[in-house]
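Student: Each chain is listed here by its residues.
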Amino acid sequence: MDRRGFLKFAAGGTAGLVASPIIWNTLYDAVYWTQNWGWIPRLKKGAGEYLPAVSKICPSGTGFLVRTVAGTPVRTIGDRNNPVTHGSITSLAASEAELRVSPSRIKKPLLRSADGAYNAIAWAEAEKLLKAKAAAAGKSVAAISGDPTSCTNEVLSAILRAKGSKDFYFMPDEEQPALAAWTSMGGRGRLGYDIENSDCILAAAPVLESWGVVAGNRAAFNRHHPVGAPSTQKLIYAGPVQNNTAAGADLWLPIKPGTETILMLGIAHLLIKAGRNAADFEHGYTPANFKEFADLAAEYTPEKVCAATGVPAQRLEAAAAMLLDAKAPLAIAGSELGSGGGAAPVMAALSINMLLGRIGSKGGVVCLPDHANVVKGAMKYSEIMARPLVSYTQDVASGKKPAPAFLFIHAANPVYALPSDSGMKQTMQKAGFTVAVASFFSETCAEADLVLPATLGMEAFDDVQTPYGSGRITYAFARPVVKPFGEARPAGELYIALAQELDVQLGVKDMPDLLYQHAFALGTPFRQMMEKGTVFTADSAAPLPKMKFNVRSLKAALSAALPGDAPVLAPVVVLGLGTAATSVPPFAAKTVTDYQICGKYSVAQMNGATAASLGVRDGDGLRLTAENGATAEVIVSIFEGVMPSSISLVAGLGHTAFDEFSRGKGTSVVSLTGITREPGTNLPVWGTAGLKAARA
Amino acid sequence: MEERNNTTTPAAAKKCCCCSWGPFVAGLAAALALGWWVLPNLMKVEKQQPIAFSHVEHVKKQGMYCEQCHFVRADGTYSGAPSTAECATCHFTVIGHNPEESRFVNEYVRAGREIKDEWLIYQKQPDNVFFSHAIHLSAAKDVKGPEETAKYCSICHIDVASTDVPPVYRENRLSGYSENTMLMWGCERCHAKHMAAGDTAASNACFTCHK
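Residue numbers (this note's numbering), protein chains in the order written: chain A, 1 to 696; chain B, 1001 to 1211.
Mixed in with the good hints, there may be bad ones.
[As the list claims (entries may be wrong)] What the simulated footprint calls covered on chain A by chain B, stretch by stretch (three residues with Cβ under 8 Å from a Cβ of chain B suffice, anywhere in the stretch; the number is not a length): (1) 8–16; (2) 23–29; (3) 32–46.
[As the list claims (entries may be wrong)] Heads up, simulated BS3-like pairs for lysine-lysine below, C-alpha to C-alpha not over 25 Å straight-line: (4) A:Lys108 <-> A:Lys131; (5) A:Lys45 <-> B:Lys1124; (6) A:Lys590 <-> B:Lys1211; (7) A:Lys44 <-> B:Lys1211; (8) A:Lys304 <-> A:Lys273; (9) B:Lys1124 <-> A:Lys44; (10) A:Lys45 <-> B:Lys1047; (11) B:Lys1116 <-> A:Lys483.
[What the hints assert, rightly or not] Away from chain B, derived, C-beta distances all over 12 Å, residues of chain A: (12) Phe290; (13) Lys304; (14) Arg472; (15) Lys509.
Just so you know, these hints were derived from the structure itself, not from any lab.
Predicted, not measured: the structure shown is a model, and the values here were computed from it.
The C-beta atom is built at its ideal place from N, Cα and C for all residues, glycine as well.
Based on the sequences and whatever the hints tell you, model everything.
Tutor: Okay, structure coming up:
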């Protein structure tokens, strides 16, 4: 074939191929082939179910539905049948299906070797080691729990008591200072707030974001604020930053950080001036020291309160008028950080409730019973709450108390969550042997000798007993609706097995038995809770306490120095950024805004006047130096929703452990704070700090 | 300069014409054969289903309905091919004389092996296609009985209801998908037709099928 013939053959061949379907079919096949790339997510096919469960990583134990496909959890959504949340869900609980397979999830027991590296070991070896160390420690054992709503605390505390130790502590939270305030004013049992039935709430706490039963609070807020209809509840929020709670509030009282008590006393003064006094009490008792309290409150005129807090007198009067007009007003106080708050703001808020006759009333302050113990030898909940962890760790660190030979840390990350002067790290270093039982590899795990992988709420039996902030008794089971991840094991079963190994008589044989006994004690059908995931709720029938004003402690707390004109830290907690024990959920990473973190730097929000006084502009770098010497480099963002002289930083960043999504991102707010003692109560407090700022 | 001779005899001209089209026709024929028959067959590998399941036996002889094995679950998901456990509700032991049934009982039911994992799906769509059997079956309320159901399902699927042995599964070597996989134009043609008729609000917009 000559050249011309070959060209003709090629032309014929081309025409033939074009006239055949092979080219088009190959293109189609190539399109389908692109769907085989490994990085494309694969769908799980199979039967789908919506199973009621509870979150054990969300601080208030949010109930939700776990959507499973062929047994694999794919998402968590609100449960409309849940009598606490009514279909609401927190941003943290909403990310639990993804957190279950987070890169920082601990898959196997890990034992630290001499060079500091962690080696995976078998459960049998871990349990043998656990028993040997616990037995050898004698009575020198201590435990820290980050889950105050769980019955596993009973098991752990019973083990400690059986060994002769009282050193069982809860991680600092909102309830500890609140309980101190409540009991100091004559309250009994636990303090509760009937938010659902109140028609006007004064909240010096982020009730719509991180305080109390967040999902329940939001559900109540939604019901009282229907779309296209008048709202049936007023919300007054007092806080230094226009956060999510301020955005939903009818009235925002922007205050300087740490001046909540003064604000409350200013409102109390206006209420007394309007004629509210002990005679208003519905329940027929009069605190003997009303006059003493009235004299104290009288000092806090609107002008004085304005000077101290920054709230204009008219706004203060508007807030008092809203409370006076309401049929069921309620005052709440807490801390912006969720821990480290003082008792004085709660005392002042309770005083307002007393003036308004709201103790024991519908939509007011509720007296809840203590958690019932069913495990033999378990420590009483209120007794544990009354012992601050920080006091213990500071004493151990300073040598006032001996370090424990065996330290148990359950579902907590105190190394990250507590200020550096808490002595937590030193306590772990001094302790003979430390065991961290956790779901995610945290900063605390990185300091522990043995790390044991724990299941999540949707993977094992556990429970949620009435969380702080609730106005009713609530009880929910955590049920295993999906398989445990990796080799994670239920912490409760682990502790019960340890107790049996140590010959500690608990009176329960396993977790279902423990849950059954709790359900029986409450008189709720166990089988229904176990099979259908129903939640028990009941109004409290606890007797009404005879309350009195705690004027002495209030006076002492008010003697503390007020923040001056120097910049003060104003932390903001966003549950979407996780907790100390979870860090930032990968699912929520896309919800983190440029106003919270920019690259690897936290964003410091401040108003224009503060920025001008510091000589910085939007987008500038700023070096913050705290009173404890800690430094942080941040990016400036101008936001007029921050009080003058306040620098707002979002909490939950600045981790040194966990995974690539959290490690080395931003600044830990807690690292900038230092511990002081609240005058009057001597409680360890932190959460705000004076800052020195210079352009970086 | 040499003068060019452009004169040809008629006989030579005829010969040249045949010679000039010959290579073209040969190339065309070879390419057509290649494009229509050789390459398509080379691109595909034939596979057999793990069990020679007879729809004729189950539907026509035993009187079963399609929905007994292929059903929409309460949550809206589609069951697809039945699992070993579902088959075992009848075939927990050998109940007929077909050697394939006996093999199924011994190798799958008794061995606890999942047939669903091995069954080849003729029209499996990629994960980026969101297809709801529940929605599409809701348009078949008036369809009654196995024959009408088979006819309705055959609008998209190959007709397996009248087969005594499963059709050969031909898998594309490049993409890994069956040659019977429905392509996008097949979906679009039907959606366009029913949109025009006002039967559906599901347009041919991308997000109707791709989430």
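Student: Quick one, are lysine 1124 of chain B and lysine 44 of chain A close enough, alpha carbons at most 25 Å?
Tutor: 14 Å, holds
Student: Does the claim that phenylalanine 290 of chain A lies off the interface hold, with its Cβ farther than 12 Å from every Cβ of chain B?
Tutor: Fine: 60 Å to the nearest Cβ keeps phenylalanine 290 of chain A off the interface.
Student: Measuring Cβ to Cβ, find out whether lysine 509 of chain A lies farther than 12 Å from everything in chain B.
Tutor: Holds, since 32 Å exceeds 12 Å.
Student: Has the region 32–46 of chain A got at least three residues whose CB is nearer than 8 Å to a CB belonging to chain B?
Tutor: holds (count 10)
Student: Is the hinted pair lysine 44 of chain A and lysine 1211 of chain B satisfied, with a Cα-Cα distance of at most 25 Å?
Tutor: Given pair lysine 44 of chain A, lysine 1211 of chain B holds - Cα atoms ~15 Å apart, limit 25 Å.
Student: Given the hinted pair lysine 45 of chain A and lysine 1124 of chain B, is their alpha-carbon gap at most 25 Å?
Tutor: 12 Å, holds
Student: For lysine 1116 of chain B and lysine 483 of chain A, compute the direct alpha-carbon distance and say whether it is at most 25 Å.
Tutor: Holds: lysine 1116 of chain B and lysine 483 of chain A sit about 22 Å apart, inside 25 Å.
Student: Under a C-beta cut-off of less than 8 Å, do 3 or more residues of the region 23–29 of chain A approach chain B closely enough to confirm the stated coverage?
Tutor: It holds, with 5 qualifying residues against the three required.
Student: Are lysine 590 of chain A and lysine 1211 of chain B close enough, with their CA atoms no more than 25 Å apart?
Tutor: Given that 25 Å is the threshold and the Cα spacing comes to 18 Å, the pair holds.
Student: Given the hint that lysine 45 of chain A pairs with lysine 1047 of chain B, test it: the Cα-Cα distance must not exceed 25 Å.
Tutor: 23 Å, holds
Student: How about the region 8–16 of chain A: do at least three of its residues have a C-beta closer than 8 Å to a C-beta of chain B?
Tutor: holds (count 9)
Student: Given the hint that lysine 304 of chain A pairs with lysine 273 of chain A, test it: the Cα-Cα distance must not exceed 25 Å.
Tutor: Distance of about 16 Å is within 25 Å: holds.
The structure fails none of the hints (numbered hints given earlier).
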